[in-house]
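Chain order of the listed sequences is A and B. Heads up, the first sequence stops at 387 in the numbering used here, and the numbers go up one at a time, no gaps. Heads up, the second sequence stops at 870 in the numbering used here, and the numbers go up one at a time, no gaps.
Keep in mind the hints are simulated off the structure, nothing from the lab. Hints are supplied without guarantee of correctness; some may be wrong.
[To be verified] Cβ-Cβ distance ranges computed for the label pairs, FRET-style:
(1) A:Gly219 / B:Thr686: 40 to 46 Å
(2) A:Lys329 / B:Met181: 51 to 57 Å
(3) A:Ala332 / B:Arg615: 54 to 60 Å
(4) A:Ala239 / B:Met181: 16 to 22 Å
From a predicted model like this one, the values you see are computed outputs, not experimental measurements. Heads up, the beta-carbon is just placed ideally off N, CA and C, and yes, glycines get one too.
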Amino acid sequence: MISPYERVLILGCGTCMTVCDAGGEREVSFLHSALRVAQAKSGNGTHTFSEYTLKRQCDPEFLDALGDKIADVDTVLSLGCGIGVQAVAERFPDLPVLPGVNTSFMGMANELGVWDERCAACGDCRLEETAGICPITRCTKGILNGPCAGTKNGKCEANKDMDCAWVLIYKRLERLKQLEKMRRYYPLRNFRAIPRPKRITSKTSVDVGEDNA
Amino acid sequence: MDSPVTDDTQDYRDRQTMKLSVDRSLMPPCQAACPLHMEIREYVDLVAQGRIMEALQVIRSGNPFPSICAYVCTHPCEDACRRCQVDNPIAIRALKRFALEFGGDRMVQSEAETTHGEKVAIVGSGPAGLACAYYLRKLGYPATVFEAHSELGGMLRVGIPQYRLPRKVLDTEVQRLTQMGVEIRTNTRVVSLDLLFEMGYKAVFVTIGAHQSLRMEIEGEESPGVIDGATFLREVNLGLKPSLGKRVAVVGGGNVAIDAARTALRLGAHKVSILYRRSREEMPADHAEVEQALEEGIDIRFLEAPTRISRENGRLSVTCVRMELGEPDASGRRRPTPIKDSEFHKEFDTLITAIGQAPQTPVDFGVRTGRGSTIQVDTVTLTTNRAGVFAGGDAVTGPATVTDALAAGRLAASRIDDYLQHRYPLDSKAGRESLTGDLQPETLEMIRKTGRLEPPILPPGARRRDFKAVELIYDWEAAINEARRCLRCGMGAEILFQDKCATCLTCLRVCPYHVPYLDASGTIQIPDDQCQACGICVAECPAKAIVLRKPYDRRHIDEELDHILKSAAQSNFKPLIIGFCCQYGLFGTGALAGLWRGAKASIWIVPVLCAAKVEADHMLRAFEMGAEGVFIAGCGEQCARENTDFWVRQRVEKVRRILAQIGLEPERLQAFVSTTNGGDPAEELDRFAERLGNLYLASIVMQEVKS
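Work out the full structure: start from the sequences and follow the hints.
Next up, the structure:
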């Protein structure tokens, strides 16, 4: 991706991308080092890299702080989300901008290094009816009148580690004494089924003491 | 583009860099408790790393006579040590002694140049006087020490028994003073200060100690066979052998009483008893000394006091009374009161009184004295009522510790300097912020409990025979393990760049000690008095907002890598392997020393203070520098911190994934852990080097095939 460009600025984002450990200052340095190792390994690269991290990439005012950092680079490799990449592109019309992160979903960290998808930003929110549990993102099929026949012991047939969203919804409605919401039929909704990863884990399971050779 | 924004950005970066170079560590409780404010945490940490020579330097810079303190200091630092809350305090004094012995303190030479003309007289050669002479010479003043006895040292010489402070040690320090050009006049009792001024001295430091024993004020105190503790110890220490008879009693509960009793035992007394009017709890004597006295067979009789002494048939008949404890008195200890009709008689050959001492200031000195005949001084300037006359040590405070006296001597030297240079004396107390506060239960719970390792001592049977030093020295391994128990108070992590913090909660989640917390405003706080300085959050913070409080800790891995880059470029050995090795365990105990000598590669070691401080980025940087292989060696089960091994492996896996993407074999990066059961790290490393050697050869062959 970067091969056509000689001077590359790796640009981090100090807000969401830092929180989800994808494009904060530490990841920027890490990618910087990794690219340099890769170049040293191949032995024929001629790139020069620089790095900088903005507080936020998705607002033009923050981008002004880049100043002359971009004056002597050929491209910006943005570790912002898709919004950040586009914001940089918009602010600097003559500068090619590359996405350094493949933004997958909006989620939350259940524990350190484990993120679960929670919102599809679908613009058609049903959380009031589903007891605050989103069936669009948390049900593999994204169905509105669940559960389907594939639920087993409260788990999804597609992934035995994943809770069935509709079982969760049922249990919570029961607790809230709102089970009548289950009995309603929800009409068709306008959405396309997009295959989603549902979960990204940056943690490696290691057994302490085991030889890792 | 020359916009004001750019200048701002540059400014901001500069300020950040500047912030990073500032030492923001807090003063730990041990240092705050030390009368000399020695950098205890620093030298204990250096001992833990096996860097004994550097530890010695730190010790020497903060103490004029560390070898003396290493034997006799009452270590208030250990009482203040926060490890007390976990298990027992660090054995700081014993570690200092280890550092002095193994660091070669005896070889250290002291030098001083005379840069000032004003001569200073020091009256008395106790610890305060000697310390004052030492620092005056360092400041460039000619100094003369006047001593009434035949040898220097004051109480160090005539008060403290040899089994606690070998005279060789004292002689070495005195020798150094002579080397520095201190003029010494022994057998010279100063009777008038006017004479000193007439002789051309511009300032006088009066430090005559507190040698006069207090009287018990009971009938028969003047009988032959009754002797006061200070006189008794002085006679023994100056080489006399007073005949004591078989049964000896010592009255008192302080260190002098214990010293007198143990000395009497060593002079051949069959039975030595100590009569103390309160109970064990109130005893002002050092706990370990009391313990050792009991081991040696000294009988300590609590709640007993003599009321009358009479001499019959060459023996002392002592009438005693039993006591009980009432309400606390002014000193905070419970006041003893006699129990009615509890009198009883005991027979002794000798009775030694050791119930306290006071200074005896010649009236001709013309200095104002106060409570307990102590000399009155201004506590900040140490000046007396006479111009140019300063005073310090026991003569001012009443009987106190050697370290207090050394501190008084040092302060006096700088005050005399101020006086002679006509400077306004500055209050030296202004300085770093002190760390206070107890450890929280949830933090306390996570700290590994490792009991204190005491240095070996001579068995009681061997001690009773002569005046040999009772306490022996740690061996290398014991000292390092003891030093590693230090909690490193006040040098932990802090969010230095609050503006960068995205409140991602990573620090809160990775901390093994549950230290960071979210305050009511939603800001992360890392309380400085709880942090254990393991460095895990520093390496994990995605915003790089957290740093360690000491600049050295922040930089040193980068600096070591730079150093290797320069040195390795000049060496032709191939393949290059870079190892990040825990300096605490492997280096310190020497297990690592054999590692790279025998290996079949050019191995460069980056010593790190805990493998958990090695960031993923550091590992990549090592590869970038041209390393064929990189390894991280942690101390594993020995580690004094929690979870460090887990985080090393997390980062290793992260870097391995990147290596695979780049096209480098992931096995070029390895983590070794020293375990107590099997698995020799040296052998593992050898195998690692061999594998890398093969990879290296293969790559050369590949290149040749290509060309």
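Against the structure, the hints:
At about 43 Å, the CB distance of A:Gly219 to B:Thr686 agrees with the hint of 40 to 46 Å. Remark: the range hint 51 to 57 Å for A:Lys329 to B:Met181 is upheld by a beta-carbon distance near 55 Å. Against the hinted window of 54 to 60 Å, the Cβ-Cβ separation of A:Ala332 and B:Arg615 comes to about 57 Å, which satisfies the hint. Evaluation of the 16 to 22 Å hint for A:Ala239 and B:Met181 yields a pass: the beta carbon distance comes to about 19 Å.
Comparing the model with each earlier hint shows no violations; every hint is respected.
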